[in-house]
Structures are given as structure tokens and as C-alpha cells.
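S.K.: Chain residues, written in single-letter form:
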Amino acid sequence: MALDALRANRLRSALTMLGVIIGVASVVLLVAIGTGTKQKVEQQVEGLGSNLLLVVPGRIEVGNAPVVSPLTLKDVDAVTRVVGDPDRVAVTVASGATARAGARSDFTTVQGVLETTPAVFTRSLARGRYLTGTDVDTSRRVAVLGDSVARALFPDRDPLGQQVALAGVRFRVIGVFAPLGQSLGVDRDDEVHVPVTAAQRLWGTQRVDGIAVKAPDRERIDELGERIVAELNRRHPDTEFSAVTQQQILGVLGDILGVLTGVLAAIAGISLLVGGVGVSNIMLVSVRERTREIGLRKAVGARPRDIGVQFLLEAVLLTTIGGLTGMALGVGTALLVDALSPIPAAITWWSLALAFGVSAVVGIVFGVVPAQRAGRLDPVVALRTE
Amino acid sequence: MTEPAVADPPAGERVPAIEAVDVSRTYQLDGVSVEALRGVSLTVQSGDYVALVGPSGSGKSTLMHLLGGLDRPTGGRLVIGGRDVNALAPPEMATLRNETIGFVFQAFHLLPRTSAVENVALPLVYRGVSARQRRERAAAMLGRVGLGHRLDHRPNQMSGGEQQRVAIARALVTEPTVLLADEPTGNLDSVTGAAVLELLEQLNAESGVALVMVTHDQEVAARAHRRITMRDGVVVADSADPRSAHDRPPSVDHGRPATLVPAPSAEPRSASGSGPGHPSGGSGGAAGATGRLPREVERPEAHSRDAAGGDAVAREGAAGARQADRPGGTA
Chain X
1 MALDALRANR LRSALTMLGV IIGVASVVLL VAIGTGTKQK VEQQVEGLGS
51 NLLLVVPGRI EVGNAPVVSP LTLKDVDAVT RVVGDPDRVA VTVASGATAR
101 AGARSDFTTV QGVLETTPAV FTRSLARGRY LTGTDVDTSR RVAVLGDSVA
151 RALFPDRDPL GQQVALAGVR FRVIGVFAPL GQSLGVDRDD EVHVPVTAAQ
201 RLWGTQRVDG IAVKAPDRER IDELGERIVA ELNRRHPDTE FSAVTQQQIL
251 GVLGDILGVL TGVLAAIAGI SLLVGGVGVS NIMLVSVRER TREIGLRKAV
301 GARPRDIGVQ FLLEAVLLTT IGGLTGMALG VGTALLVDAL SPIPAAITWW
351 SLALAFGVSA VVGIVFGVVP AQRAGRLDPV VALRTE
Chain E
1 MTEPAVADPP AGERVPAIEA VDVSRTYQLD GVSVEALRGV SLTVQSGDYV
51 ALVGPSGSGK STLMHLLGGL DRPTGGRLVI GGRDVNALAP PEMATLRNET
101 IGFVFQAFHL LPRTSAVENV ALPLVYRGVS ARQRRERAAA MLGRVGLGHR
151 LDHRPNQMSG GEQQRVAIAR ALVTEPTVLL ADEPTGNLDS VTGAAVLELL
201 EQLNAESGVA LVMVTHDQEV AARAHRRITM RDGVVVADSA DPRSAHDRPP
251 SVDHGRPATL VPAPSAEPRS ASGSGPGHPS GGSGGAAGAT GRLPREVERP
301 EAHSRDAAGG DAVAREGAAG ARQADRPGGT A
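Heads up: the sequence lines are chains X and E, in that order.
For the first sequence, this note's numbering begins at 1 and goes up steadily by one.
For the second sequence, this note's numbering begins at 1 and goes up steadily by one.
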């Protein structure tokens with residue numbers, strides 16, 4: 001019965017539904033993008049390697065200005081003694097530099113590192129070899145290129161054995177990383193690894209920016225972090241140090257992305273609300289238009305409740321059909337966005353359930369007033385209406 | 001709560017289908033009171049055939065709405081199917097309408113885009129009858145009004161006469177005790193109108209449903225067994241009520257048999273159930289004749305009914321007192 005009434009005014013029903021469709025579709029799409037981004041970030045942070053402890057000067061907080069590091073390789077030795085296993089400690093001193101090979105050049109990030117990097121972070125090589133302890137000890141000018149850098153500088157040649165000028169100093173290419181892809185819009189293949197000693201010499205510094213430690217097990221990771229921070233504080237009383245785990249990074253990032261997703265969903269929810277007002281409006285028009293029908297139904301024995309339920313059902317049907325269509329549209333758009341753009345999108349069942357539930361509730365909330373008005377119509381007046 | 005001693009009517013007494021005692025209805029229009037009805041008393045028995053006539057604004061539509069339980073009086077007592085409407089909440093009024101009243105309107109009031117059989121089945125929806133039974137009963141009723149071949153046609157695919165037949169089937173599908181028809185032939189041409197009237201009369205005679213008809217048409221009114229004339233919110237003449245019929249004593253018998261009713265009205269009666277295309281002679285002469293002498297076209301059996309109705313009205317006072325004592329009637 002309710003379906004017939006909607007069918008009788010196809011165009012109007014469709015336009016009314018459009019508001020709900022757009023609202024639900026945008027809720028589904030934006031929640032999918034928020035969820036997808038969060039999942040991808042989590043994946044990448046996990047992908048750095050397990051049981052990772054990052055030790056940096058300063059306090060890790062959102063919006064904190066970076067601190068110039070007082071750390072040197074001597075501090076790295078001290079940390080290594082605390083950890084007890086040199087293979088579990090990695091360092092970085094990084095700076096932007098122009099890499100040049102022949103006529104081609106590429107501005108990239110040069111990282112001075114220890115030979116332990118592939119073990120601490122999970123990195124693998126596509127070609128050649130990684131840095132060795134000897135390379136680090138002798139400040140040998142050798143380099144391992146990220147995938148993007150290798151392709152920018154040597155598009156048609158094998159980079160192995162070729163010379164690369166980093167900030168004007170020549171390095172020999174000994175390896176190329178396997179590609180990692182993008183993370184939060186950053187190209188993770190746009191980097192060059194050189195021995196930390198060579199990098200320090202290149203920039204004329206003793207500095208180390210950060211230390212990464214791969215803890216032996218997850219249970220004692222926090223305790224290990226505290227011990228490292230204590231040792232560094234003893235050595236540099238004027239500087240604060242932080243040791244953060246992946247879980248802590250994930251927590252901070254998750255909070256930020258969660259707020260972002262919430263804001264997006266709320267904005268989309270406003271459009272759903274506007275769609276609901278449209279439903280209310282059209283139902284009021286429908287009640288007025290069908291006053292005679294209401295009068296007749298009452299004359300043949302429809303109780304006020306029967307009439308109210310009839311109109312409420314129509315409103316709910318309108319919004320749930322709109323909701324289902326919107327869900328389909330939202331899911332389709334999310335899949336397209338995920339496939340065709342760098343923005344990740346992931347559909348979650350709860351966002352679909354929520355969108356459907358909300359659209360049904362919108363139908364009830366915005367259908368109640370018109371339905372009550374219809375139910376209360378005086379049959380005598382209703383029948384007389386032309 | 002019920003007292004059996006007063007609830008049980010004496011043997012042989014008929015419980016009236018509708019009983020109105022000194023009923024008035026006042027509307028509030030912008031703070032001004034408008035008295036549409038000012039003390040109307042009448043009784044409708046099952047099987048009655050009543051025409052309600054009067055000029056526009058005389059209150060006959062208001063009275064129709066009250067008799068049909070669509071509205072409630074502001075004064076007096078109105079009992080429909082044994083239930084005092086002033087004691088009923090809106091949902092109970094709806095159920096009362098569904099069970100005891102059938103409506104036929106001038107403008108048919110069929111649901112558009114809905115088949116004849118679904119239109120007829122509509123009152124049964126509110127009675128909780130199953131879909132299959134609804135269709136069966138509606139189809140059977142459409143058969144009785146001669147539309148058994150038009151079950152799935154929509155109103156816009158049917159002629160005016162057919163639409164009104166659908167409306168009549170809808171009014172009767174619930175087997176009500178009273179059929180209220182508001183200008184049922186008003187939107188139809190004279191031939192079709194006569195056929196519809198025939199049908200109503202036939203159903204009245206066959207099923208014993210009381211037929212109360214508001215009409216402007218003197219010819220139509222003349223065919224009723226009882227005529228109630230209204231003016232300015234009061235009944236000025238009721239052929240069944242000796243007290244109000246001051247201008248026409250009910251005992252007068254003109255002695256004109258039914259067969260003397262002019263041909264055009266009589267002819268469709270013999271061919272009842274036929275479609276609106278039924279050929280019929282010119283009705284102009286008949287309209288003239290009945291228009292001039294409306295009271296003389298009454299049939300003898302009408303007077304016998306009048307007499308019975310008169311008795312009923314005469315008993316009204318006593319019946320009213322009993323009704324007032326009944327707890328269910330006033331609670």
C-alpha cells in the first residue's frame with residue numbers, strides 16, 4: 001500500500017529520496033575513506049618492523065617543534081651497551097641533498113645509517129648488496145638507492161657500479177631497495193642510504209638524529225625504553241629524550257584520524273538531516289494532497305492510528321529505500337576511489353549498519369509529525385476537501 | 001456493569017439502527033457559534049428507505065455526518081447500533097463506522113490507481129480480514145452490483161455509473177445496518193442515475209439495510225418510503241413522524257399503487273443490475289409530474305412503513321429513558 005503511494009509520484013519520491021541518498025552515500029564514503037586511511041597508516045607503521053623503539057631528543061607530541069639533536073655516535077655506543085646486542089640498534093642522520101648522475105639529477109633525502117638498518121626496520125633489496133660494517137667503519141663512499149631515485153637517475157641503465165654525486169661528493173651505487181610505495185602521501189622510495197660516518201663527513205657534523213632499537217620481546221619493550229632514556233639523560237642532562245613504541249605512534253595517529261573521520265561523518269550527517277527535512281516536507285504535502293483519501297479511509301473505518309501508521313510507513317519506506325540506494329552508491333564510490341586514486345577507502349559493516357539505521361530513524365523522526373497530522377484529520381472536513 | 005433487566009428489550013421490539021434524540025450541532029467559526037442543527041429527533045429502523053431533503057444550509061449534510069458517526073453532536077443523544085456516540089473515543093467511532101455504516105458519496109470517493117476489487121475491499125482492511133478473504137468478498141459484492149467482469153479495472157477506466165456501483169459495493173461489503181448515500185446520483189446523468197438508484201433500492205429491499213439518502217432531486221426523494229425535510233437546522237416534515245408532519249397527516253392514503261409511478265423511474269427497476277447503457281425513455285415528463293406532486297407518488301407500502309416508524313418514534317421517549325439508564329450508553 002505504502003509502496004503504491006510512492007509509485008504514484010515517482011519523480012517526487014525520487015527527488016525526496018535523493019536527499020537521503022546523497023546523505024547516506026556521503027556518510028558511507030567518508031567513513032570508508034577515514035577507515036581506509038587509518039588501516040593503511042597502521043599497516044605501514046606495523047610494516048616498519050616489529051617491537052620497534054624509536055629514541056629521539058625532545059618530547060614526542062603533536063605540534064612540538066623538533067629539537068636539534070645532541071646525540072653522537074658515542075651515545076649510540078652507550079645505547080648499544082644498554083641493549084646488549086649491536087645488531088638491534090640502528091641510527092639515522094638525515095638531510096635533503098641533490099643526487100646527480102650524468103645530466104640527470106633528483107632532490108632526495110640522504111640518510112646516514114648503520115649496516116644494521118635492514119634488520120631493525122624490515123627492508124629488502126631488489127639488486128646488489130647493503131652497507132657492511134666495514135663500509136661504516138671506513139666511511140666508504142658507497143650508496144644504496146631507493147627505487148624512485150634509481151629510476152630517476154638511471155632510467156635506462158643498471159645503476160649498480162655507477163657513480164652518484166651527493167651534494168657534490170661522488171658515491172658508488174652498491175644496491176637498490178625493493179619498492180615500498182607511498183605512505184600518507186610521502187614517497188618512501190625517495191631516499192638514499194649511505195654509511196653514517198660518510199654522511200657526517202659530508203655535512204661536517206658529529207650529530208645523530210635518532211636511534212632505533214629492535215626490542216627482543218614486546219613485554220619488556222617499555223622497560224628497555226626507560227633504561228635507554230635514563231642512560232641518555234645521564235649523558236645529556238640538559239636534554240629531554242623520548243622512547244616511543246609503534247603502539248604509541250599508532251595511538252596518536254589513530255586519535256588524529258579518528259577525529260578526522262568523525263568530523264567528516266558529522267558533515268555528511270548534516271546532509272542526511274537536510275534529506276530528512278525534505279522527507280518531512282514532502283510527507284506534509286502528501287497528507288494535504290490526499291486529504292480526501294484520508295477522509296474516505298476514516299469513513300470506512302480507519303482509526304487515527306491506522307492512518308498515522310500508513311503515512312509513517314510511507315516515510316520510513318522512502319528513507320530506507322533512499323538509504324539502501326545511498327549505501328550502494330557510497331560503497332560503489334568508495335571502491336572506485338580506492339581503486340583509481342591514491343586515497344585508500346575501506347568499507348566496514350558497522351558504517352553500513354549505521355547508515356541504514358540512521359536513514360530508517362530519519363524516516364520515523366521526520367515522518368511522525370505528518371503522520372500524526374494525517375491521523376488527526378477530521379473526517380468530515382477531509383471528505384469535503386476538493 | 002450491564003443490567004440485563006433494562007438491556008433486554010421487550011419481545012417484538014426492534015432495536016433502532018440509529019436513534020437521535022434532540023440532537024444539536026454547533027460549530028465555532030472564528031469565535032462565532034453557528035447552529036447547524038437545533039434539536040433533531042429521528043429514528044432509523046433497519047430496512048428503512050429514507051430521503052433527507054432540504055435546501056442548502058438546512059443542516060442535512062451535518063445530520064448525515066452525525067448519523068454516519070463521522071461527527072458527534074454538541075447536544076442531545078445519538079445512538080448508532082446501540083452505542084451512544086458521545087461515550088466513544090475516536091478509534092471506537094472508527095470501528096463503529098466500519099461495522100454499522102456504509103457511505104456512498106456524490107463524488108464516489110474511490111481511491112485512484114486502485115482496482116475496483118481493492119477499492120471495495122478497503123473497509124475490510126480495517127477489520128483485519130485476510131487478503132484472500134478480502135478479495136473473495138469484494139469480488140462477490142462487485143458481482144452483486146453487476147460489475148463481476150470489472151474487478152481489476154481502475155476508476156479512470158470506468159464510467160461514472162460503474163464507479164458509483166463500485167462505491168456502493170464498498171459501502172455494503174461490510175454488511176452494515178445503515179447505508180448513507182449523499183446525493184448518490186448527483187454526478188450522474190439521469191439514465192445512469194436512475195440505474196444506480198434502482199440498485200440502491202434493490203439492495204435495500206434484498207438485504208434489509210436501511211437506506212438514508214440526501215438528495216436535491218424531488219423525483220429521487222419521491223421514491224423513498226419516508227421523507228424527512230429539513231430547514232434551518234430542524235426537521236420541518238417527517239413523513240414517519242406525526243408530530244412534525246403538520247402539513248401532511250400520515251393517515252392520508254392517496255391510494256396510488258406502485259405501478260402508477262411514472263415509467264422512467266419504474267422501468268430501470270425491472271431491469272436492475274444492467275449497465276448504465278440501459279435504454280430508458282425520456283425522464284423529463286416524470287420529473288415534471290413528481291416535481292409538481294411529490295407527496296402523491298408515495299406508495300401504499302410506504303405508508304404502512306410510516307405507521308411502523310411512527311410507532312417507533314412514539315416509543316422514543318421510553319426508549320430514551322432506558323438508554324440513559326444503561327451504563328454502557330453514557331459511560
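If you are wondering where the hints come from, they were derived from the structure by calculation, not from laboratory data.
None of these values were measured; they are calculated from a predicted model.
Take these hints with a grain of salt, some might be off.
Claimed, not checked - Negatives, chain E to chain X, calculated, CB over 12 Å: (1) Thr26; (2) Ser33; (3) Thr95; (4) Arg113; (5) Arg135.
To be verified - Looking from chain E toward chain X, a few residues come up when the C-beta cut is under 7 Å (computed): (6) Pro91; (7) Asn98; (8) His109; (9) Tyr126.
As the list claims (entries may be wrong) - Selected chain X positions facing chain E (Cβ under 7 Å, derived; list incomplete): (10) Leu6; (11) Ala8; (12) Leu11; (13) Ala14; (14) Asp255; (15) Arg303; (16) Pro304; (17) Gly308.
Yeah, the Cβ is synthetic: ideal placement off N, Cα and C, and Gly gets one too.
S.K.: For each hint given before, does the structure comply? Return the numbers of the non-compliant ones in rising order.
M.R.: 3, 4, 10, 12, 13, 14, 17
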